[in-house]
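Given the sequences, and given the hints that come with them, work out the whole structure.
Protein chains: 2
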Amino acid sequence: MRRPLPFRLAVAAAAAVLAASPAPSTAATSAPSPANLSNLPPLYAAELENARSFVEGMLQAGVVVPVPTDPGGGYTHEQHKRNYRAIYLGGQLYRITGEKRYADYVRDVLLAYAELYPTLGDHPAASNQYTGRLFWQVLNDAVWLVNAVQGYGDVRDGLTIADREKIDAQVFRRAAHFLSVDSQATFDRIHNHATWATAGVGMTGYLLDDKNLVDRALLGSDMSGKSGFLRQTEELFSPDGYYAEGPYYQRYALMPFMVFADAIQRNDPDRRIFERRDGILLKALRTTVQLTYDGYFFPFNDAMKDKSLKTEELYQGVAIAYGQTRDPALLSVARGQGRTVLTPDGLMLARDLAAGKAEPFPFRSMLLRDGPQGDLGAVAILRRGEGPRHTALVAKNSSQGMGHGHFDKLSWQLYDNGHEIVRDYGAARFLNIEAKQGGRYLPENESWAKQTVAHNALVVDQRSHFDGDVKLADSIAPQQLYFSAAPGLQVSSGRVTGAYPDATITRTLVMADIPGLEEPTVIDLVSSDSRSAHTYDLPLHYQGHLMEIGFPVASNAANRPVLGKDHGYQHIWVDATATPAVGDGALTWLLDGRFYTYRFATDGRTKAILAESGANDPEFNLRREPVVILRQEKSGGASFATMLESHGRYDGASEQTVASRSRVSTMRHDRVSGMDVVRLTLNDGRRAAVVVSHDTDPAKGHRTKLGKDTIEWTGFAAVIPLAPEGK
Amino acid sequence: MRRPLPFRLAVAAAAAVLAASPAPSTAATSAPSPANLSNLPPLYAAELENARSFVEGMLQAGVVVPVPTDPGGGYTHEQHKRNYRAIYLGGQLYRITGEKRYADYVRDVLLAYAELYPTLGDHPAASNQYTGRLFWQVLNDAVWLVNAVQGYGDVRDGLTIADREKIDAQVFRRAAHFLSVDSQATFDRIHNHATWATAGVGMTGYLLDDKNLVDRALLGSDMSGKSGFLRQTEELFSPDGYYAEGPYYQRYALMPFMVFADAIQRNDPDRRIFERRDGILLKALRTTVQLTYDGYFFPFNDAMKDKSLKTEELYQGVAIAYGQTRDPALLSVARGQGRTVLTPDGLMLARDLAAGKAEPFPFRSMLLRDGPQGDLGAVAILRRGEGPRHTALVAKNSSQGMGHGHFDKLSWQLYDNGHEIVRDYGAARFLNIEAKQGGRYLPENESWAKQTVAHNALVVDQRSHFDGDVKLADSIAPQQLYFSAAPGLQVSSGRVTGAYPDATITRTLVMADIPGLEEPTVIDLVSSDSRSAHTYDLPLHYQGHLMEIGFPVASNAANRPVLGKDHGYQHIWVDATATPAVGDGALTWLLDGRFYTYRFATDGRTKAILAESGANDPEFNLRREPVVILRQEKSGGASFATMLESHGRYDGASEQTVASRSRVSTMRHDRVSGMDVVRLTLNDGRRAAVVVSHDTDPAKGHRTKLGKDTIEWTGFAAVIPLAPEGK
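Listed in order, the protein sequences are those of chains A and B. The number in my numbering is simply the position in the first sequence, starting from 1, with 17 added. The number in my numbering is simply the position in the second sequence, starting from 1, with 17 added.
Worth double-checking, as some hints may not be accurate.
Each pair may be met inside one copy or between any two copies, as identical chains are not told apart.
Below, in silico cross-link-like pairs of lysine to aspartate or glutamate (DMTMM-like), each with a Cα-Cα straight-line distance of 25 Å or less [stated by the list, open to error]:
(1) K322 <-> D668
(2) K327 <-> E672
(3) K98 <-> D668
(4) K582 <-> D478
(5) K488 <-> E252
It should be emphasised that the hints constitute simulated quantities derived from the structure, not laboratory data. It should be emphasised that the depicted structure is a prediction, and the values quoted were computed from it without experimental measurement.
The following block contains the structure:
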């Protein structure tokens, strides 16, 4: 086996890059002198300063390695997190500055762990079967190892043999054994927790020159290749680099993938790890960036909504990907992050950024297929415009995504003007806040956040998709029927069969430029093929203050009832209900100076429920957010046609208000021979039809006649101008 | 009488300043050539570009002067607003560029008004007795005149005699007559509407060389000086430059004050208008800026919360004040505004700003006395720190402030970390949004926003101060008992007698540095001297998501009742109630990464009501915001001692949480011989007392003994360290 020197290789590479700087430098292979450090690019210099500041604080506090007692957010939890950061950064500081006190501190901390580790059994605050040693769950122990082994690698060569052997044996071999043997069930999963575990164990193997550990990490604990890191790169990402659990976990999972792959590349370059499966890891990194709006991840599934590209896990990933690709678009991602890492890749990235080599990241409309073979549904992203206030529509036609998945098949979100307009609740959780269940997922994550009605997804008979059964949900994926990113007429259409025993749901979202209307305008067509009688609820979770309700409502102004008993309905307060007359109903809200009108066609029997989340929530765990639910009670199938129109401006500073009212006067929806026809009449008299044939043959012509309107088009969907009324 | 040439003087001055630029220039008194315009400072150049863009759009649309029909926000309302802007800016553009088409357009628009104006009677959309002609209320007509007369002044000399006479007679004399004669009741008020009217009429007088109009404007319609502009400068601002209606109206009122004063200064320099009353107008301008946090005005009384220094009315004021004072702090205000005006003052300001002469505006703790003589209460501002995230506490011990005043005596607000933490609802209104009552004040402005319980003010027997009677309220002002801006121990104390027949309310707010606690820490002491039995409610309207409630609550989780029937109580949903045990109760919320704990001492009988605004609001007119109400039912007086502690950090990006729980373990409140003693024990064992003697003699010593604690101090208030428990 090749002598692995990943960390010393890194030293040499770092020194080489430093030497290439315009600053005066000494021999390229010696430890860099302070003079070398005086002309660093700003991003890297700031990172060095951050690291120094943090590690100096830790040095002053001395070695503090407490017996683990607290759950997430508690003192011992946070201290062990601080420690792995200190080990990681202390090692890097030693490598970069040559100052021995950093190496000494890392050694002393690890010697303290060498005393502690052998005494540890299961963590006392364990809450599930995945129990850790230093932390309450094994995942955190894996994260500890991934960080600590990197810092250790930077100082290990300079230790006495006795210290080295003690730390090797009592800390790293024990930790690797705990993760790969004692926690074999986690280690052999095809799951991001296993990625962290295999990364920690594999990097330990490289450092300790232990081929067995490396092979277990790469090929699974039985070395068959049925599990392990390599298998994970095949199973956890779709061919488009989409990770089944969704963007929030994609970001998290990506770090061990990238860091371990980087170590593999340096130790086993013949494996060509970054070229595997058509470069899946680098593709996944770019896809992670595509899954954001204004820097924030689309928050579907169990996602914290404050998670953005400015996250520790991605600083490594972006630097490593830049090292592999020199893609100038990654520089602008790093600029947005305002952070990098203290590796040679980070230094090169910072230099090139400072040299003005950055180019904008190419955000675009795209279809991200889900599933290892790309056949388990998809996430469709429709974008319009550029910059932080552009429009993005996200159609979530992807698979359940395991335990963190939500029962939200065919749900969607809309971003516009820098905000989430049609929104996803994300997870019900306050990360690391002790008073909120120790920072864990809250009970309302199950009872509300995961339920179908908490999403912009069709609910049948007030029960969640798959009746809330994760196993069933994981066995059935939606299909992406059609996708088009054609300018001015972007379309995504998906279908799910099996979310309900008697309902095949099809949803087509059209983001179209319609003459006379502002952008974005979205048409949403939802139908269910069913045989029996059902109640169909179509919620729209919006953000903004209601300005106008275009139909009479019955208000629960002095006593708000709750909408239902379970499946999330118990968390919904009903403000008002209405049954608008035949034609269409509309309501308008205002958010940050922009008006949005949600309009729905009705045969006079669709009920509108204006409501708010937050009922049955004695601990104030939920955010209170408005929702409008359209309800149809039908024997057999049902169909909904709605539109979301953005319009006008409200400017508080100049007290100017423009177009605060919808530009649409009427909306009519017809289904003819399986085709959907939505006819709009604007206030200025103009008329147009948005038509969907649901036929994916781009060359096939379609024709329908409705009253005086004869409508002809070719392909899946179209916007057709109609003659004004009476002409 | 001196020959008035305000606008031609302005031309000459502008040309002079332009000539002083480093750009090549021709004769100083000629119209500036395009070459002169090529080297303008950025702020002025951008303004010129804005103006060109707007006026070009108007030119393309042609002259559109519709018959008035719509209320605020409607088409004719907005068109007449656009027209006065076009007249004003068109005149300026002509003066600056010499391009005749601008003058022609202004002339044509005014000739159209000359046709329209004689045909007008009362506006058809009038909603009160102050009916306008061009607009639904006379105020807007005055604003029209203030703007239009300035633009007309820039073009008038170049008109044919026939056009000039027609416009003089049919537009400006008629408008001035309408405002000063037909609308005499408004004109002779001591009120900001009258300031706009007198400014418009007076500036028309200067332009038309009509001494009678000028004198009416300056001295009132009877020229006695009992009303009119000069009297307004004496009556409407306090000696500290505070305007009784509050910051939102101060901003609005200031524009006609400054613009007309500027015209007076140029036409009647001997009046020394800017030196009157110790420079009250310039003082008022600076005070207006002091009444902001992060650029936004403190939103008490009928205020729109999105109103900031970036407001049309203040661009003029800042430029005129800079012209008078050359105060470099005003340059940083202009930089924050990012706007200026196309006057010689605006040009000089923009030049000096570009030359780097700006200095930070000196925001500071200050007491702003209210009332013409400064004896009608006060607004106390306590600031700590600097920059956009500094802390500011506002104690509103000022007078009612007329019809836009709220029944909120001794209320307070707290800003911290860039946010309003303890908040004021402001007005219930959506300005210029037609669907919301035509953009007028909503019914909920009376039923909620003005009521005492909608504020952080003591409510007795669930009725608003002065029983909601504006006349009574205007006749009684609070007293400011004490104010200190001493670093580390800032104090404001106020009292109101007469808000209730049987309750004299005293409130003392202390913002102190307490060893072991983070800043800001606020102690709030509220007491009522009463004889009979009453219910005392102390609401705290906060902003954030509840993290922890330190006492058991009875939740209305599935059926929220309403708290009361009237005086605002009908708009409060009750989420939960509690009667915490003897000692203290606390609740913690999170806002933008910062935790806040509100703690109150209790004898075991104080009830805590956790609630939210938004009940009985079928039109969704109200924002839904949380409030906690402390309720005491007492025979005789009552007293509340509460504290607001800020602590810790939540950082979603790094997933770091620090000190999410209060650092205080217990809080005890004692009243001894009229003194308040609040004793705190921290989690780390430290103890301290915050003591208030209520004795304004700074030299007087005070002493009290409570249990083992002997506490001695001098003066009104102090923070005294206490020995730890058991020592």
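Where does the structure disagree with the numbered hints, that is, which hint numbers, in rising order?
none
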